[in-house]
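Q: What follows is each chain in one-letter form.
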Amino acid sequence: MATTTMTMAKALNEGLRKALDANPKVLLMGEDIGRLGGVFRITDGLQKDFGEDRVIDSPLAESAIVGTAVGLAIRGYRAVCEIQFDGFVYPAFDQIVSQVAKLHKRSDGAYKMAMVIRIPFQGGIGAIEHHSESPEPYFAQTAGLRVVSCSTPNDAYWMIQQSVAHDDPIIFCEPKSRYWEKGEVDLEGPPSGLFDAVVRREGTDVTLIGYGASMKTALRAAETAQAEGVSIEVIDARSIAPLDLGVMAKSVEKTGRLVIVQESPHTASVGSEIVAELTQRCFYSLRAPGVRVSGYHVPYPPTRIEEDYRPTVDRILDAVDRVMGFES
Amino acid sequence: MIDEELVQLLTPEGERVQNADYESTLNGDEIFGLYRDMVIIRRLCNESTSLQRQGQLALWAPIQGQEAAQIGAGRALAPMDFTFPTYREHGIAWCRGVPPENMLRLFRAVSNGGWDPQKYRHSVPTVVLGSQTLHAVGYAMGIQRDGAEEAAMAFFGDGASSQGDVLEAFVWAASFNAPVVFFCQNNQWGISTPSSVQSKIPLYHRAHGFGFPGVRVDGNDVLAVYEVTKRALDSARVGGGPTLIEAYTYRIGAHTTSDDPTRYRIDAEVEVWKHRDPVERVKALLAREYKVKNSDFDDVAAEADAMALQLRDDVLAMSRPDPLTMFDNAYAAPHPLIDEGRRDMIDLGISEGSL
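These protein sequence lines are chains D and U, in that order.
Position 292 (the first sequence) corresponds to 291 in numbering that gives the first Met the number 0; numbering is contiguous.
Position 57 (the second sequence) corresponds to 56 in numbering that gives the first Met the number 0; numbering is contiguous.
Since the hints were derived computationally from the structure, they do not count as laboratory data.
Just to be clear, a hint being listed does not mean it is correct.
[What the hints assert, rightly or not] Under the rule of at most 20 Å between Cα atoms (straight-line distance), these lysine to aspartate or glutamate pairs were calculated in the DMTMM-like manner:
hint : chain 1 : residue 1 : chain 2 : residue 2
1    : D       : Lys-111   : U       : Asp-327
2    : U       : Lys-282   : U       : Glu-29
3    : D       : Lys-249   : U       : Glu-339
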C-alpha cells in the first residue's frame with residue numbers, strides 16, 4: 000500500500016490536481032483561488048500548472064460562481080466552485096436550490112448538473128462572524144443535491160475526486176479547523192464509496208455518529224469513555240445526504256444506544272434525521288432515546304466563547320451518560 | 000417618449016427609416032418569413048389564452064405586442080447558438096424549432112420544462128427571473144474554452160433587470176469578455192410595476208457602466224431587432240464580448256392569465272401601443288414595397304389557424320403523467336430516497352408501475 004502523510008489541505012489540493020489531470024473538462028472557480036491559492040491555500044499552485052482558463056479567479060459574486068457553473072455544466076464542463084466561507088454561500092442559495100438542484104429534472108434528464116460546491120464549514124478557528132457556520136442541513140433538505148463531508152486527509156483526497164467524477168451536484172463540506180492536521184493518505188485506491196458511512200472505532204455500548212470536524216471530538220470522547228469502562232462505536236457519516244443508514248442501523252442494533260454529534264443547531268438538523276430514521280428502523284433494539292449533541296439555537300457566537308457552543312468531549316460524555324443511565 | 004437613440008428601420012406605418020448605423024439586409028421573401036412567424040406565434044398565443052380560459056391550462060403568459068422583439072431576435076440566431084429564456088419566450092422557442100405543444104407542457108402542468116434543451120439549443124423556462132442570465136454567461140465561458148464561434152443569448156425583461164443575478168451576469172460577461180448577448184425586452188410592466196420603478200435611466204445605458212455596449216432598439220420593429228441582434232451576435236462570436244440589447248416594446252396583454260392589468264394601467268396607454276403593432280407595420284411594408292397580395296396574407300392566416308387547431312388537439316391529448324414519473328431524473332445517479340419513494344407509491348397503490 001503506497002501511503003504518504005499529508006495535511007487535509009494538501010490532500011484536497013492533490014485530489015483536485017488529480018481531478019484536473021483526469022478530465023480536461025474539469026474547472027476550478029472561486030474568489031482568490033488562482034494566484035493566491037485560496038484563502039486556505041487549498042488550490043495552491045493549481046492555476047500556475049493548469050492555467051487561468053481552468054483555475055479561474057472570479058469576481059466577488061457567489062451567485063455568479065454557481066450560476067455560471069450551471070451554464071458550464073450545460074456545455075459539458077464540470078466546475079468545482081469554491082465558496083470562501085460557509086457564511087458566504089447564501090448569496091448563491093437561490094442558484095443552488097432553484098437551479099442546480101432542479102435543472103436535471105426540469106430538462107427531463109437532458110442536462111447533467113455535474114458540479115462540486117466546496118464549502119469550508121464549521122467553527123473552531125477563532126474567526127469573526129459568518130466564518131464558522133454549519134449550513135449543511137439547508138442543502139441536505141433539498142432534493143436534487145447530495146451533501147458530503149470529509150474528516151480525514153485520506154477521505155479528503157479521495158472524496159473530492161469521487162465528487163468531481165459524480166454526475167449529480169455535490170455540496171462538499173470541508174471541516175476548516177482540520178485543514179492543517181496530518182494523516183495517512185493511501186494513493187492506491189479509495190477507502191470506500193462516496194456515500195458510505197464508515198465505522199471509525201468499534202464499540203459495544205453506544206453508537207456515536209458525527210461528521211466533519213466533530214469526528215475528532217467524537218473519537219476523543221470514545222477514548223475517554225473507554226477509560227471509564229464504556230465502549231463507544233464511532234461512525235463517520237461522511238455522506239450527509241443521502242445518509243448511509245444501513246451501517247448506522249447495524250451498529251445501533253448492536254449497541255442499543257445512539258448519540259449524534261454535530262455543530263449545527265439541532266432543530267431540523269442532520270442529527271434529527273438520523274435519530275428519526277434509526278428510531279424507526281431499530282425501535283426494538285433501542286434501550287434509550289437517541290440524543291443529539293449540537294450547537295445551540297443561537298447565531299454562531301463570538302469566537303471567544305465558541306468552544307462553549309461547539310460540542311465538546313464533556314458534552315458528548317454527558318450525553319453518553321444519559322443514554323447509559325436511561326431506565327425505561 | 001421614444002428615445003432619440005432608438006434604432007428603428009420601420010415606422011409604425013411601415014415606412015422605411017434611414018439609420019446611420021444599421022440598414023436592413025433582408026429581402027422580400029425573408030421579411031415575409033418574419034411576418035409569417037409573427038402571425039403564427041400570435042395566433043398560437045391567442046389559442047393558448049383561450050385554452051387557459053377554458054380550464055385546459057393552469058396558466059398562460061401571453062406575448063402579444065412582443066412578437067417582433069422575439070421573432071427578430073430569434074431569427075438572428077445561428078443554429079449553434081444557445082438561448083436561455085424566461086417563461087415568456089414563445090417566439091424564441093418557435094424560432095429554435097421547439098414544437099408548440101412542447102411549449103405548453105409547462106402551462107398544462109404536466110412538466111416543469113417541456114422540451115429537450117440540448118436538441119433545440121434552447122434552455123428550459125426559467126421562472127425565478129434573472130437566474131438564466133448567469134447560465135448564459137457560464138455557457139458562453141464554455142464556448143470560449145472550446146474555441147467555438149458560437150454565442151449564448153440570455154432573455155429577460157425590465158422587471159428582472161433589477162435582480163442581482165442579472166447585474167452579476169453583466170460583471171462576469173465583461174470581466175471574461177464572454178460571447179453572450181443580453182436581450183432585455185422592456186415591455187414597460189413587471190406585472191403591475193412600471194419600468195420607471197426598475198430603472199431611473201434607460202436600461203441600455205446600464206451596459207456602459209459595466210464596460211460593454213448597450214443598444215436600444217424599437218422592439219416592435221422586426222427589421223431593426225433582427226439587424227441589431229445579428230450584429231451583437233456576430234461580434235460576440237468573434238471575441239467582441241457582450242452586448243446589452245434593450246428591445247423597447249409593450250406587453251399588450253396581461254402579465255399572465257392570472258393578472259388583471261386594468262387595475263394598474265389606463266386603456267389610453269394600451270391604445271397608443273396598439274397603433275405601434277409589430278405585425279401590421281411589416282404587413283404594410285410587404286404590401287406596399289413588395290406587392291404581397293392579400294391572398295398571400297390570407298394563406299398565412301389560414302396556416303396559423305390550422306396550427307392553432309392542431310395545438311388545441313395536442314394539448315387536450317396531454318394526459319396526467321403517471322405519478323411515478325416524479326421520481327425520474329430527480330437525480331442522475333441512483334439514490335436511496337428515490338428508490339424508497341417509488342416503492343412507497345407502488346405499495347400504496349398510487350401507481351401500478353414497476354420498480
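Q: Does U:Glu-339 lie within 20 Å of D:Lys-249 when you go C-alpha to C-alpha?
A: 19 Å, holds
Q: Is D:Lys-111 within 20 Å of U:Asp-327, Cα to Cα?
A: Judged against 20 Å, a Cα distance of about 13 Å means the pair holds.
Q: Take the C-alpha atoms of U:Lys-282 and U:Glu-29, compute the straight-line distance between them, and say whether it is at most 20 Å.
A: Given pair U:Lys-282, U:Glu-29 holds - Cα atoms ~13 Å apart, limit 20 Å.
Consistency with the previously given hints is maintained throughout, with no hint failing.
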